[in-house]
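Residue numbers (my numbering), protein chains in the order written: chain A, 1 to 99; chain B, 100 to 256.
Hints should not be assumed to be uniformly reliable.
What the hints assert, rightly or not - Computed far set for chain A versus chain B, every beta-carbon distance over 10 Å:
1. ASP11
2. VAL47
3. LYS50
4. GLN54
As the list claims (entries may be wrong) - Which bits of chain B does chain A cover? Going by a derived footprint, with three or more residues having C-beta under 8 Å, they are:
5. 123-133
6. 173-180
No wet-lab data here; the hints were simulated from the structure.
Bear in mind the structure is a predicted one, so any value in this text is a computation, not a measurement.
All C-beta atoms in this analysis are idealised placements derived from N, C-alpha and C, irrespective of residue type, glycine included.
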Amino acid sequence: MTKPTSKARFDELIHAPLRLRICASLAPVDRAEFSHLKQNLGVADSVLSKHLKQLGDAGYVDIERFTKLGRSHVRVSLTTAGRRAYVGHVAALREITAN
Amino acid sequence: MDSPEDRRDQERAAKLLQSVAHDSRQMVKASGNPRGLLTSVIAVSAFVFTLCQAYPPRAFWLVLLYLPLIAWYALAQRGRAKPRSLINSPYLLTGAYAGYFFLCILLINCLRFWEATQVEEVLAKILVTFTSAMFLVTKMQTAYNRARVKDGNDQAN
Numbered sequence: 001m002t003k004p005t006s007k008a009r010f011d012e013l014i015h016a017p018l019r020l021r022i023c024a025s026l027a028p029v030d031r032a033e034f035s036h037l038k039q040n041l042g043v044a045d046s047v048l049s050k051h052l053k054q055l056g057d058a059g060y061v062d063i064e065r066f067t068k069l070g071r072s073h074v075r076v077s078l079t080t081a082g083r084r085a086y087v088g089h090v091a092a093l094r095e096i097t098a099n
Numbered sequence: 100m101d102s103p104e105d106r107r108d109q110e111r112a113a114k115l116l117q118s119v120a121h122d123s124r125q126m127v128k129a130s131g132n133p134r135g136l137l138t139s140v141i142a143v144s145a146f147v148f149t150l151c152q153a154y155p156p157r158a159f160w161l162v163l164l165y166l167p168l169i170a171w172y173a174l175a176q177r178g179r180a181k182p183r184s185l186i187n188s189p190y191l192l193t194g195a196y197a198g199y200f201f202l203c204i205l206l207i208n209c210l211r212f213w214e215a216t217q218v219e220e221v222l223a224k225i226l227v228t229f230t231s232a233m234f235l236v237t238k239m240q241t242a243y244n245r246a247r248v249k250d251g252n253d254q255a256n
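Build the full structure now, drawing on both the sequences and the hints.
In structure tokens, the structure reads:
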């Protein structure tokens with residue numbers, strides 16, 4: 001297994017199951033559209049929006065709104081701080097299971 | 100010995116890690132190319148590769164078969180998540196991915212020695228090329244997806 005590049009650090013904000021799932025879905029991609037993320041997680045728009053807002057307020061995700069061919073889209077990505085916190089949190093979870 | 104509370108925490112953490120791996124895998128699969136496209140590319144490649152070798156230069160126009168596949172690829176990319184470029188993936192260079200990649204090259208070179216001239220031979224060669232390439236490319240894809248999930252969960256930069 002590769003060594004995590006972020007120090008193991010438990011993050012209360014990310015620890016909530018759905019927020020952790022959001023981060024896990026965004027981790028292997030540069031960015032994803034809101035609809036794609038919603039489909040991947042199988043949750044309602046309002047629930048996903050609420051959790052994305054909390055992650056956005058903490059500076060963990062970047063939410064970008066744009067219009068393409070007259071249709072509005074929302075694009076979500078993990079910020080550097082968010083990625084670092086997520087990798088640190090996963091490392092902390094691994095430490096708990098290893099003990 | 101661990102207290103029951105510690106054990107409960109461990110179980111909860113293990114479940115969360117499973118969910119993390121599952122969601123990352125799902126996203127990697129959803130952001131990749133559709134399975135049908137991969138199968139079609141391999142089928143067309145097996146067909147073109149065999150016929151171009153059996154009946155050159157008459158069969159060169161078969162390369163045009165790639166055009167609809169390119170259009171399909173362009174359509175499939177719309178609205179999909181953009182995969183993260185791999186930063187540090189020893190699994191790709193030293194693991195199963197590299198092994199299957201070299202087997203693919205070996206397969207192509209071996210198949211070039213098989214000179215099919217009769218119709219039955221050509222059909223058999225197409226079938227062998229498709230089956231073996233499909234097996235190797237599927238294995239490569241699996242190894243690549245695994246590396247992407249590991250990279251996403253381990254690399255913060």
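Point to revise | Which numbered hints fail | key: none
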